[in-house]
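Trainee: Here are the chains, one letter per residue:
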Amino acid sequence: MALSKVWVFAEAAEGKPTSLTLELLTKAREFGGAVEAFLPGDGAEVAAALGEYGATKIYAFATDGTLVGAAGAASLAQLVEAESPDLIIFPMTYDGRDVMGRLSARIDRPTVTDGIDITVSDEGAGDTVNVIKGIFGGTKIVTTSFTGDKPALAGIRPKSFTAEASGGGAAEVVAAPSVDVGRAGNAKVTDRHVEEQIGPKLEDAAVVVSGGRGLGAAENYALVEDLAKLLKGAAGASRAIVDAGWVPYSHQVGQTGKTVKPKVYIACGISGATQHLVGMKNSDNIVAINKDPDAPIFGIADLGIVGDVHKVVPKLIEALKARG
Amino acid sequence: MNILVCVKQIPDPATPGELDESTKTLKRDGKLILDESDSYGVEMALQLVEAAGGGEVTLFSMAPNDETSGLRTALAMGAEKAILVSDEALHGSDALSTAKVIAKAVERAGAVDLVMTATESTDGYTGTIPAQVAELLGWPSLTFAKHIEVGDGSVTIQRQTEAGYDVVTSDLPAVVSVTAGVVEPRYPSFKGIMAAKNKPVDTVKAGDLGLDAASVGWAGARQDITSIEPAPERQAGEKIEDEGDAHERVVAFLEQLKVI
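These protein sequence lines are chains A and B, in that order. 1 is the number of the first residue of the first sequence in this note's numbering; add one for each residue after it. 325 is the number of the first residue of the second sequence in this note's numbering; add one for each residue after it.
This is chain B alone, in the form it adopts within the complex (with noise of 0.2 Å):
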């Protein structure tokens, strides 16, 4: 069992985000940390290619400067090694344009049975590259796990729904997107962590991958960004210190609304 994990390094969500004035796209050029978000991928990975008594955990993962720090916490968690995509001509790569560069590592990662990744980024949001990896690879996708199970040749998921969930299985090779709380990912062990720092991460560009520039990066996302504005802010209104009676605050206020 090969898995693929796709994990983005991303700026630290504590620390406020920040658009770059001049291309309108996020500044990404500081410290990169793991998206949490992907950390469920990368653990329930691990679990799956050890229930299956073999196969390995490559990493994905596609950003500016070579980073990799975000990678090294996935990989002293306890993955294999990585294909890391970095490339100044795919800067303002849209979500089509990454799925396109996912779609060739996958190739180049040769004999891969899963595409973990999440169902979308902490800080982009975009939330369709599951499905288009997918659809460029001609694979059936398995969206919205929220528990995966691996068979003979097959793939099992309780896929979300408005209503509950869905049970839907595939064969092999296919895509998955994990919700959090599909499982709860390790802490990386300082034996891990160690271990991580000699791992290989193959450091490509767009073109070793086959692609073409025009398909990628700010051509080939086809879109502009017109305006940022800052959003209209909500007015706090009172706040009282609860003295035993703000109950009865919160009762007035909803005879007030006429709920009750």
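Bound-form chain A, shown alone (with noise of 0.2 Å):
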């Protein structure tokens, strides 16, 4: 039960790989072949970065200022055509999302999205890539197995995998094909806005304090984010309220926004919608503050306080600089 080769959709950020690029690449050692990436940017920069979590090869795409999906996948098509990967992982992320939806139609290859694990199984007619993904809510886990020509395409969600350096040496960089795509590629990036980051990123924290509708208004997501920043963490949301305007996108956890898996996940004025769930319920430890005793959040909630929190919250505050 092995791959020869497995590639990963590799992204990097101010020069360094994502956490989620090393949480892939740590997966897809498991395969028993050979580890490549394939990477929008300068390969050089990450070289050893990616090789330290298993990589040996970078395919370096040299970005031009035009969204990377289009020319990207044309890139990666050729790739696929000389070297025949037996699967690509992806990150399940703008631009890997992009990629790999171009890349499906171009070369006529299905995609399996939104996995939380990969696993090959040898039932007699050669090795087969199977994608495990959470339905309903992540209430109910799927498999499904590819059963045509490779490469398979799996895109796989943030923190479905813990990164582990394997130590390897310093990937070897090649730059991968530029493709004419004609008009498909006329996308052009005119223009980078970077929201202000304070404190830690919410993928990251080991504390992520979260805000939803009962809050009550736009103006008493204060309170989390105080709470947050005393506790050295992330503020968070739920779609309710970044759909309402009161917080940007960027905040939001869940199916459709961040995932996280922090040490203590603390839920303020959240329901527990299944949207939201997805995103937070594989963190270490969950506190709930809701005033609805039968509110979904304290089904998963290791303490659960039901109170209002525009009282416990004000407290919890007082308290935690009263320990200075």
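For the record, the hints were derived by calculation from the structure and aren't laboratory data. If you're wondering where the values come from, they're calculated on a predicted model, not measured in any experiment. Careful: at least some of the hints might be erroneous.
[Unchecked claim] Computed cross-link-like contacts, BS3-like style, restricted to lysine-lysine with a CA-CA straight-line distance of at most 30 Å:
| no. | chain 1 | residue 1 | chain 2 | residue 2 |
| --- | --- | --- | --- | --- |
| 1 | B | K582 | B | K405 |
| 2 | A | K229 | A | K140 |
| 3 | A | K140 | B | K348 |
| 4 | A | K315 | A | K229 |
| 5 | A | K232 | B | K563 |
| 6 | B | K428 | B | K405 |
| 7 | B | K563 | A | K229 |
| 8 | A | K232 | B | K405 |
| 9 | A | K201 | A | K188 |
| 10 | B | K405 | B | K563 |
| 11 | A | K291 | B | K582 |
| 12 | B | K355 | A | K140 |
| 13 | A | K261 | B | K582 |
| 14 | B | K563 | A | K261 |
| 15 | B | K582 | A | K315 |
| 16 | A | K311 | B | K563 |
Two chains, two frames, some hints: make the complex.
Mentor: Structure below.
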């Protein structure tokens, strides 16, 4: 039960591979074959870091100020033709989804997305790649097997695996081919806006404090931010208050937002819609504060406080401040 | 400005989803409603057409049993007409097969400047269709838009990123996927609901679109669902009523975890 070649769609920001990239490389090593990466951007910059997590080769794709989707997929398609990987693992990120979708159409291979695990089985007809995903808010686990020609294209959610270094040397960097995609490549990035990041990132924080509708009004989100800051954590939000415009989308935790797995998750005024639970239910410990005793969030909370967030949270903030 | 908006008709998310045991697909034979994620695209399209001073919004949907109840909701919001592909041969279609149907429908619709979609559906959640459709059409795709403007032969969006957002622009025609919150969807008016009953729905089969049956449905999916298991459930812990001192329990809990 082994694959001979597994590729990972790698991403880097500010000269460092993303944590999701390292998670996927760690998983790719399990299949016993060569692990190689396709990276939009500067390969040399992350050759050591990707090598340390098992990549032996990086196909570095030179970005040119257009969205990576069309040209990246065309480049990858040409490499697939030449190198015949068995499996390509994509992160469920904005660019990851764009490139996976376009590659799928270009080489006519199906995708299985939103996965939380990948396995390889041998049913006698050669190695089969299976993707495991949660449906109905993660209450059911579905295994889907690829039955067609390789490569299998799998999209994986963040925090599905724990990144572990393999201690490998720097990866060899090879330039990925540049392919003319005509009009399809016309989506140009003309400006980038980076939202100010205070404190740790949501995905990396040991403590996440999130707020929902139960906060009552946009200005009460300050309670969530204050508590997060005191605990050196990050502030998250339910989809309901992001859609309502109280906080930017970058704070959203859930199926359509970020997936977090902190040591402690504190849910303030969040009822626990499945869309939210999917993004946080694997946290090590969950504290929920909500006035509705029947809120679904209590079903997964290690400590549930049935009470008013406007009373409990300010007192909690005072108590933490008093400790100094 | 002519916009084709892809809308999915899904089982009401408020009722628990069910799987068909024999086919291992989502049960979609009950009453279907408009996926809320698609109402943003419908609203955005209506506003862009209005701002352009002419053109129309056409809906596209693929559903079993000639289902139109979700389509009627979007027609009631103000879309002019709809293309509905309903065909037993499409049962079991995966994301790529669905994208192939959409790309053919865009060709059938004729002069389309923009194809608009949500970023993913609420029930199936594959999230690759916008890019797949764009690739099949050979068009640019501007994905994860949280703001859209259409100018003279061009479209500009604010594209959600991990760090904030990028401004992305391209010429037309193009595919744009919109996030929830890009715009506030209107509620259909009574007049709109009445008018929607008589709006044209072009119901077609896969063959009418020139699709080969082997490339769509179960045959085209090239994947098998091999098992469905209940997920291990997380156990609830202690639940207490706040008597004015519940915050102390939280502090003790955080201390025990050595977070403070």
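Trainee: Does each hint hold? Answer for all of them.
Mentor: Do the hints match the structure? See the list:
1. B/K582 - B/K405: 60 Å, violated
2. A/K229 - A/K140: 35 Å, violated
3. A/K140 - B/K348: 12 Å, holds
4. A/K315 - A/K229: The given pair, whose Cα atoms are some 15 Å apart, holds under the 30 Å limit.
5. A/K232 - B/K563: 25 Å, holds
6. B/K428 - B/K405: Since the Cα atoms of B/K428 and B/K405 sit roughly 17 Å apart, the hinted pair holds (cutoff 30 Å).
7. B/K563 - A/K229: 25 Å, holds
8. A/K232 - B/K405: Not OK: A/K232 and B/K405 at ~53 Å, beyond 30 Å, violated.
9. A/K201 - A/K188: 28 Å, holds
10. B/K405 - B/K563: Distance of about 52 Å is beyond 30 Å: violated.
11. A/K291 - B/K582: Answer holds: A/K291 to B/K582 is near 27 Å, not above 30 Å.
12. B/K355 - A/K140: 23 Å, holds
13. A/K261 - B/K582: 17 Å, holds
14. B/K563 - A/K261: 22 Å, holds
15. B/K582 - A/K315: Distance ~20 Å between B/K582 and A/K315 Cα, so the pair holds.
16. A/K311 - B/K563: Holds, because 17 Å separates the two Cα atoms, which is no more than 30 Å.
In terms of the numbered hints stated before, the structure departs from hints 1, 2, 8, 10, listed from lowest to highest.
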